[in-house]
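Student: Spelled out from the first residue to the last, the chains are:
Protein chains: 2
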Amino acid sequence: MNQFNWDSSFLVDFDLKTGKSETAESSKRTLSQMKDMYHDVQAAEEILKNEDPVIYEWHELGCPERAGDLAFGTTILYPGKVGSEYFMTKGHFHTILETAEVYYMLDGEGFMVMENPEGDTIEMPLKKGEVVYVPRRYAHRTVNTGDKPLRTFYVFGADAGHDYGTIETKGYHKMIVDEDGKPAVVDNPNWK
Amino acid sequence: MNQFNWDSSFLVDFDLKTGKSETAESSKRTLSQMKDMYHDVQAAEEILKNEDPVIYEWHELGCPERAGDLAFGTTILYPGKVGSEYFMTKGHFHTILETAEVYYMLDGEGFMVMENPEGDTIEMPLKKGEVVYVPRRYAHRTVNTGDKPLRTFYVFGADAGHDYGTIETKGYHKMIVDEDGKPAVVDNPNWK
Ligand SMILES: [Mn+2]
Ligand SMILES: [Mn+2]
Chain W
1 MNQFNWDSSF LVDFDLKTGK SETAESSKRT LSQMKDMYHD VQAAEEILKN EDPVIYEWHE
61 LGCPERAGDL AFGTTILYPG KVGSEYFMTK GHFHTILETA EVYYMLDGEG FMVMENPEGD
121 TIEMPLKKGE VVYVPRRYAH RTVNTGDKPL RTFYVFGADA GHDYGTIETK GYHKMIVDED
181 GKPAVVDNPN WK
Chain U
1 MNQFNWDSSF LVDFDLKTGK SETAESSKRT LSQMKDMYHD VQAAEEILKN EDPVIYEWHE
61 LGCPERAGDL AFGTTILYPG KVGSEYFMTK GHFHTILETA EVYYMLDGEG FMVMENPEGD
121 TIEMPLKKGE VVYVPRRYAH RTVNTGDKPL RTFYVFGADA GHDYGTIETK GYHKMIVDED
181 GKPAVVDNPN WK
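Taken in order, these protein sequences are the chains called W and U.
At position 131 of the first sequence (counting the first as 1) the number is 131 in UniProt numbering, and the numbers step up by one without a gap.
At position 78 of the second sequence (counting the first as 1) the number is 78 in UniProt numbering, and the numbers step up by one without a gap.
Derived by calculation from the structure, the hints in this document are not laboratory data.
A hint or two may mislead.
[As the list claims (entries may be wrong)] Non-contacting residues of chain U with respect to chain W, defined by C-beta distances greater than 10 Å in every case (computed): (1) Leu31; (2) Ser84; (3) Lys90; (4) His173; (5) Asp178; (6) Asp180; (7) Lys192.
[To be verified] With a straight-line Cα cutoff of 25 Å, these simulated DSS-like cross-link-like pairs (lysine-lysine) come out: (8) U:Lys127 <-> W:Lys20; (9) W:Lys148 <-> W:Lys128; (10) U:Lys20 <-> W:Lys17; (11) W:Lys174 <-> W:Lys128; (12) U:Lys128 <-> W:Lys148.
Just so we're clear, the structure is a prediction, and the values are computed from it rather than from any experiment.
Ideal Cβ placement from N, Cα and C applies to all residues, glycine included.
From just these sequences and the hints, can you work out the full model?
Tutor: Okay, structure coming up:
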């Protein structure tokens, strides 16, 4: 994975339109790897009878988790739904909770869904050419409410760390669902 | 300046083609503010008899200098030369030396010119759709060797701080000059 020397400078291509890279490796997350994160587990299992769609892929560079370094890359979140719930990323807190993240929207439309440990929630609408600031202390997940891929360029402090477990166990307070063809923010009835 | 609440989420527009923003404020640096940084001071003074050109402008957001936050924005570096030396930014070390920076090239061509306190130098060629990683410990300056504006999106740790004085006093080891219509990296004869 780590072909880059983070103590000297290097270049990486990220297409400004597609977010794709010829240099950085791509990882994929499929529905079977996160089906329990959707509200309608039965709808997920129906889909999985026929296929295991890629929900999102991301390009990363193996940045060492050192203070002062910055990890960066792109994420491509595909359009689709599980039941009425739009395709989304797993979402995570940073292990060092007091660390922010910057997402630059290259294409698509959707939401950045955030919540802090106190249960404050934020849903920011996303569109091409805007940066969304994910503040310190907030778990974050992107949701694609459009009909084409949502593409972002992200940067975060390399030592921030990722805590996926809290979201896997407790879920999010809010979910983004299709209501009569339009995205709506609703309470997650499964939230523990 | 600071219209943003860095403890909650916010959106800022940065045009993916031009780097311009309708939300973020723009600051400008003109030749008169940095004429002593060019090798050919006489050429700078010739230009200044007629005009004081904007060398670059940048959009920033007044990020508080707190650990865990990320400052970001865009820089637009105009094309031109002072004598044979291409237009460039002032360049700086970070006050917390062990902090990196990420630049995403939105348009244009040029170089990221870097050096560390030990005198190691790096000149990275820049082109649209590439990210250049400025490693920890390296002073950094962009140079526009093309005939249109060089446009970058940047992110750095908000508490990194800026040390412009070292470069103002000592200069850079290397400079990028036009040699027969092509950019060349040469030693800076004024380096102290
Ligand atoms: Mn994150
Ligand atoms: Mn910097």
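Student: Check each numbered hint against the structure and report the violated ones by number, ascending.
Tutor: The structure conflicts with no hint, since it agrees with every one listed earlier.
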